[in-house]
Amino acid sequence: MAKIFQPSPSLPPPVNSVGAVAWVRQNLLSSPLNIFLTLFSFYVLYLLIPPVVEWGVVNATFGGESKAACTAGGACWAFIGVYFEQFMYGLYPAEETWRINLALILLVVLIAMFAVKAVNKLYLSIGIIAVYPVVAYFLFAGGVFGLEIVETSLWGGLFLTTLLGVVGIVASFPLGVLLALGRQSSMPIAKSVCIVFIETIRAVPLITILFMASVMIPLFLPDGMNFNKLMRVLIGITLFSAAYMAEVIRGGLQAIPKGQYEAADAMGLTYWQSMILVILPQALKLVIPGIVNTFIGLFKDTTLVYIVGMFDLLGRIQAATHDSNWLGTTIEGYAFAGFIYWAACFGMSRYSMTIERKLETGHKRN
Amino acid sequence: MSDNTTSSNKSLLNDAGTRAIIFQVVLLAVVVFVSYYLFSNLQANLANQGISTGFEFLNQPAGFPILIHLIEYTEADSYGRAFIVALINTVVISLMGIILATIIGVVMGLARLSNNWLVARLATVYVETLRNIPLLLQMFFWYFAVLATLPIPKNSIIFGDFFLNKRGIYSPNPIFQDGFGIVIAGFVISIIASIALIIWAKRRQTITGLWFPAYWSSLGLIIVITLLALVVSGFPIEFDLPQKSRFNVKGGMVLPPEFVAVLVALSTYTGAFIAEIVRAGILSVNWGQTEAARSLGLKDSLTQRLIVLPQALRVIIPPLTSQFLNLAKNSSLGAAIAYPELVAVVMGTTLNQTGQAIENIGLCMLVYGTLSLTISIFMNWYNKKMSLIER
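Line by line, the protein sequences give chains A and B.
One point on numbering: in our numbering, the residue at position 40 of the first sequence is 40, and numbering is uninterrupted.
One point on numbering: in our numbering, the residue at position 78 of the second sequence is 1078, and numbering is uninterrupted.
Next comes chain B alone, as it looks inside the complex:
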């Protein structure tokens, strides 16, 4: 080729391939050198300050209380256990937040598309207000301005068996008695039966074209069987009702104000973003699809369920995933109002007490990384399941 004749007077530096290699070698060298430099500084600094390294501290007693713990925890327990407690708090608030935010988002997104002018305007105001105000400010608002102004326990606000005061929301706590296994068994059996029913109905419809109201009948099935199991086993649930004593409310289940504030702020804030995603998803489905469905004679509910929703979901799921990820990461803001989640416990108290910044911050990053990865793997699986199967 003619290349041979020109290559002699062509500088090697002008060759794109060579330049790419040189650039990458330099880049790699810089990255390696900077990492090495930082690491050696780190070692020197740690040695100077007498900070020990490694994860032995996880076995040492933590010595600080954690107010909200779903598993047994006392001050005598180890840092490792405190970490688990905090991890559970983070996961619980993230999952509950995701569920609530999705409900709020779907409702608000549909409301923005409503025929009713007033409803659509109200939903718009909701969305535009909440998503343009920082989440931290909203959390502070719920915690310091709303929940902190509730009355002291002595003057609790009472709704039936629910008490509302500065220390949280008190509700009846269900206590399951011995026979409750039967109820759970009944519930599980009814769910399996419903799934079988739905599969059977679908198969029969494909073969014969005959339609069977599978969803409604399985709902009935679940309710009837579970109720039956309750009656047979003699209602094995008791409620521990909160009791008002002179200065306090005792018993029942307590939702601490920190938890409520973080949950409300997270779900209303993320709900506003999800509302926009839902709205955009539904609007993205061509109006012709709806018209075509109608001309095939589908009624409105079937049009929505079989035609519009599956197509809208394809647009909705990817951005929804990133909202879920944001919510999980934003749960770390709970640290600012003393909700004992990962950042507050590990990067706050544990770090301050042990001084082992690298390990604690690394641990936190690892957990959030794993959490993010789990959510995105699940959502990618769901996305693949919902995606368009083309030829």
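Just chain A, same shape as in the assembly:
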């Protein structure tokens, strides 16, 4: 019988080129510079992590009613616990805070209903955009159905931050679309009005707009007619982010090939039909990251209302850290606020990545 060639079994790959060892060699120790950078990074981590963990967890005090309870030398989280209600609702009367919670639950339920197939999405959208704000307003402000009236000056904390953010986002988006369309329009007067508005707003910082809203708007209104500060600040924030939104959307409009506009015209669509049915759906999809970035910027910018004397989350924390019973708890307060803002903004940016992927219809060049 002929001898059958029997290859000897292949040797395992060298230890250095697979598994954890190879990974470490490739990613951490590939060159002298890399070794130095790795050591440097470990040093930075060593400087940062142990003290923070020690302060924030090991030596921290989590419970307690006063500063006296914090004896361990680390973070005094009891401060957050004691002030938690104020950080969330501001000075909103404690027995009325169920109204805020109810409005929030209502919103979550309404949005969750989008997932239910049997619900008509058009009606649901109308409900959320047109009916919900009215309901929420009366829940917050009171004055109907025996609800006690709560002055807007008492609104504060995370509630105010969320309110400013959500109203700003919802109101600035359609305004931004209109401004962007106006700027792209062929009508010279409409175009210049939009350009002047957008460029003026974008040239100045938000603070000046907020100051204008809180100091100057009353001067421009006739005697006796006035609306409250929260409303004025909301208008300021909305106009401000609408200008930025308009520029983002303009980018999307410019990216749509001319053929799309011409095809829509050729179909006999009117201007608004072609915009709503053909151009905007494509343009907006292109600029989702930009739109979400504007939203994130707006959410972070709501902290500026503290400068014109409104107490949002940061404002309430700032006020609480000046409480003489709780001196020295500044870092705890800022860490708490920082975590909430970070979670909200980071969450928004991740969510935008998700919808970007979901709406991707394969026109992108690879």
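Accuracy of the hints is not assured; some may be wrong.
[Claimed, not checked] Taking lysine-lysine and the BS3-like style, the derived pairs with C-alpha atoms no more than 25 Å apart in a straight line are:
| hint | chain 1 | residue 1 | chain 2 | residue 2 |
| --- | --- | --- | --- | --- |
| 1 | B | Lys1166 | A | Lys67 |
| 2 | A | Lys358 | A | Lys117 |
| 3 | B | Lys1154 | B | Lys1244 |
| 4 | A | Lys258 | A | Lys285 |
| 5 | B | Lys1329 | A | Lys229 |
| 6 | B | Lys1154 | B | Lys1166 |
[What the hints assert, rightly or not] A partial selection of chain B residues facing chain A, derived with a Cβ cut-off under 10 Å:
| hint | residue |
| --- | --- |
| 7 | Ile1021 |
| 8 | Asn1045 |
| 9 | Val1232 |
| 10 | Pro1236 |
| 11 | Leu1371 |
[To be verified] Pulled from the structure, derived: some chain A residues nowhere near chain B, Cβ distances all over 12 Å:
| hint | residue |
| --- | --- |
| 12 | Ile4 |
| 13 | Gly74 |
| 14 | Phe84 |
| 15 | Thr161 |
| 16 | Ile307 |
Since the hints were made in silico from the structure, they are not lab data.
Built from N, CA and C at the ideal position, the CB exists for glycine as well.
Keeping the supplied structure of chain A fixed, place chain B upon it in accordance with the hints.
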């Protein structure tokens, strides 16, 4: 054309051109009417409240102190001078912030692209943390949580001739003596010589193909000539060293905590955004470009400098411009921690004392508008210079 036959039964309102005109006339009328209405209300309100108008107040004595001033300023000076002081503070912090943020951004952006896994992760954590936390919160953190917890002057932290305490950072203050003009002259001459050298080297390389290490030799030139000038003029610099007395630190140059907090917050925050821009810019350059450069025999440093960087810059510059603009505008947040910049001085104190809201807010908006315009003109010029020249 057939249009003539149908035009008779076509309503004028259905014609796109006519509708555009009608719409615009209505829009213009609304804008004019609203402006007129607001303006007349304004006049009536101002008259009612007895607020004078105009910019005469700029000549009146301000009567309030400004803690940080780079030009001479006392309480007896006018509102106009206070405005100039504040303007300088705003411009200084914006420019320094822009420089620092660019350095931080470039370093962090490159770090995110590093081969080193740990470095890339650390840079990612830096970027994702800082850009998702409001700037105002970060400023408060640096000012109230970090700088305010420094020891009182009596127990200053000492690094050599640097002192660190609640009142700021004290460093040696250079005082230039008479002969310093020679050093400056030497420095200027060396820079001119280096530019000439670089131009000569470039021209020679285009003509003959011979290469000359122009950048390294001009660096050497600048150092040698400046040092020489220092020696010749006999080191005409003296340092005013900060001295620790019993309860205080005297002398030297002081960086007040407000300034440090605003600068650190602005530059680390904007740096995080710039890092993302730099990273995206470099990633946007096709890998084929790098491969092509290598196959031409360019070494890595030349590949980066001649091939990747110029192409990346084209993508980087426009968003970088808007980050610079944001930084300049965000410097107004310094008002919240009492850094005496434009908003704090003009829209804060001056407005409160004079009550002239329109003039003060208008002045501020004008300044920020001009500042924004200047930065964008400069960056547009630079962008044009770097842009791709096509056939």
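Against the structure, the hints come out as follows:
Under the criterion of a C-alpha separation no larger than 25 Å, the hint pairing Lys1166 (chain B) with Lys67 (chain A) is consistent with the structure, at around 24 Å. Note on Lys358 (chain A) and Lys117 (chain A): the hinted pairing holds, with a Cα-Cα distance of about 18 Å set against a maximum of 25 Å. As the CA atoms of Lys1154 (chain B) and Lys1244 (chain B) are separated by approximately 8 Å, the hinted pair is consistent with the 25 Å bound. Distance restraint check for Lys258 (chain A) and Lys285 (chain A): the Cα-Cα separation of roughly 17 Å lies within the 25 Å cut-off, and the hinted pair is therefore satisfied.
Restraint check for Lys1329 (chain B) and Lys229 (chain A): satisfied, since their Cα atoms lie roughly 23 Å apart, inside the 25 Å limit. Using a Cα cut-off of 25 Å, the hinted pair Lys1154 (chain B) and Lys1166 (chain B) holds, with the two alpha carbons roughly 10 Å apart. Of the supplied interface hints, the one on Ile1021 (chain B) holds, with its beta-carbon coming within about 9 Å of a beta-carbon of chain A, less than 10 Å. Interface restraint check: Asn1045 (chain B) against chain A, minimum CB-CB distance 5 Å, threshold 10 Å, status holds.
A cut of 10 Å between beta carbons decides the hint on Val1232 (chain B): the least distance to chain A is about 40 Å, and the hint is violated. The beta carbon of Pro1236 (chain B) comes no nearer than 39 Å to any beta carbon in chain A, farther than 10 Å, and the hint placing it at the interface is violated. For Leu1371 (chain B), the shortest C-beta to C-beta distance to chain A is roughly 9 Å, which falls under 10 Å, so the interface hint holds. With a least CB separation of 46 Å from chain B, Ile4 (chain A) remains clear of the 12 Å interface cut-off, as annotated.
For Gly74 (chain A), the shortest C-beta to C-beta distance to chain B comes to about 15 Å, beyond the 12 Å cut-off, and the non-interface label holds. Every C-beta of chain B lies more than 12 Å from that of Phe84 (chain A), the closest at about 18 Å, which supports listing it as non-interface. Distance check for Thr161 (chain A) against chain B: the nearest CB is about 10 Å away, which does not clear 12 Å, and the non-interface claim fails. Non-interface status of Ile307 (chain A) relative to chain B is broken: a Cβ of that chain comes within 12 Å, the nearest being about 5 Å off.
Hint compliance for this structure: hints 9, 10, 15 and 16 are not met, and every other hint is.
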